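**Q** Read off the chains here:
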Amino acid sequence: DAGITQSPRHKVTETGTPVTLRCHQTENHRYMYWYRQDPGHGLRLIHYSYGVKDTDKGEVSDGYSVSRSKTEDFLLTLESATSSQTSVYFCAISGDSENYGYTFGSGTRLTVV
Amino acid sequence: GENVEQHPSTLSVQEGDSAVIKCTYSDSASNYFPWYKQELGKRPQLIIDIRSNVGEKKDQRIAVTLNKTAKHFSLHITETQPEDSAVYFCAASRQGGKLIFGQGTELSVKP
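Residue numbers (this note's numbering), protein chains in the order written: chain H, 1 to 113; chain E, 1 to 111.
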């Protein structure tokens, strides 16, 4: 469905532990994005990538890092999870430098206890 | 950077009525304005978009208008149906830029 999958779908982790979320696409799209969704804040950009090994920070990047070693995979790491990082995380892809709508993954619901 | 404000945060209408959601943006260089619909527990999905060289675009019961001078754009849904109930997000980006989203509007259509 839509050529983009996120894993895991749900995760509960403890404060202070590292967590990695995975986004995998089969569309060969150049651009990939990580957003978090919280009530009252909409979707906020964490990090994005415009190609293999090319990444940059978004609006709310503190406490997060990313890696993209292959076109199809974009990993988001919470270096030391905090309760404020409890959220739903969405990955998105887009195919061109022109502005096109994004296709979103199904999301990962992360709870930090 | 770009900032997108969306209003209202919640909207309740009777089935068959029209619904209007409004967004303003701050970056005058923004030239792409999509709208997404997110049903409960699902991913956001693109429903319509407009570019800055167009003032209005329609797709069946959905229309979007853009006022570049005032830096605002709106989503219009006519003849609303219960299946239109969802959270709607507006977004804006400049050429080659990233989408910045509004805070979302929860639309409830009452039968």
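Since the hints were made in silico from the structure, they are not lab data. These numbers come from a predicted model, not from an experiment. It is possible that some hints are incorrect.
Partial selection, computed: residues in chain E whose CB lies under 7 Å from chain H [what the hints assert, rightly or not]:
{"id": "1", "residue": "P34"}
{"id": "2", "residue": "K37"}
{"id": "3", "residue": "P44"}
{"id": "4", "residue": "L46"}
{"id": "5", "residue": "F89"}
{"id": "6", "residue": "F101"}
{"id": "7", "residue": "G104"}
In silico EDC-like pairs for lysine to aspartate or glutamate, Cα to Cα no more than 20 Å straight-line [what the hints assert, rightly or not]:
{"id": "8", "chain 1": "H", "residue 1": "K57", "chain 2": "E", "residue 2": "E79"}
{"id": "9", "chain 1": "E", "residue 1": "K37", "chain 2": "E", "residue 2": "E106"}
{"id": "10", "chain 1": "E", "residue 1": "K71", "chain 2": "E", "residue 2": "E5"}
{"id": "11", "chain 1": "H", "residue 1": "K57", "chain 2": "E", "residue 2": "D27"}
{"id": "12", "chain 1": "E", "residue 1": "K42", "chain 2": "H", "residue 2": "D38"}
{"id": "13", "chain 1": "E", "residue 1": "K68", "chain 2": "E", "residue 2": "D27"}
{"id": "14", "chain 1": "E", "residue 1": "K37", "chain 2": "E", "residue 2": "E56"}
{"id": "15", "chain 1": "E", "residue 1": "K71", "chain 2": "E", "residue 2": "D17"}
{"id": "16", "chain 1": "E", "residue 1": "K110", "chain 2": "E", "residue 2": "D17"}
{"id": "17", "chain 1": "E", "residue 1": "K57", "chain 2": "E", "residue 2": "E79"}
{"id": "18", "chain 1": "H", "residue 1": "K53", "chain 2": "H", "residue 2": "D38"}
{"id": "19", "chain 1": "E", "residue 1": "K37", "chain 2": "H", "residue 2": "E72"}
Even for Gly, the Cβ is constructed at its ideal location relative to N, Cα and C.
**Q** To test your reading of the hints: which numbers does this structure violate?
**A** 2, 8, 15, 18 and 19
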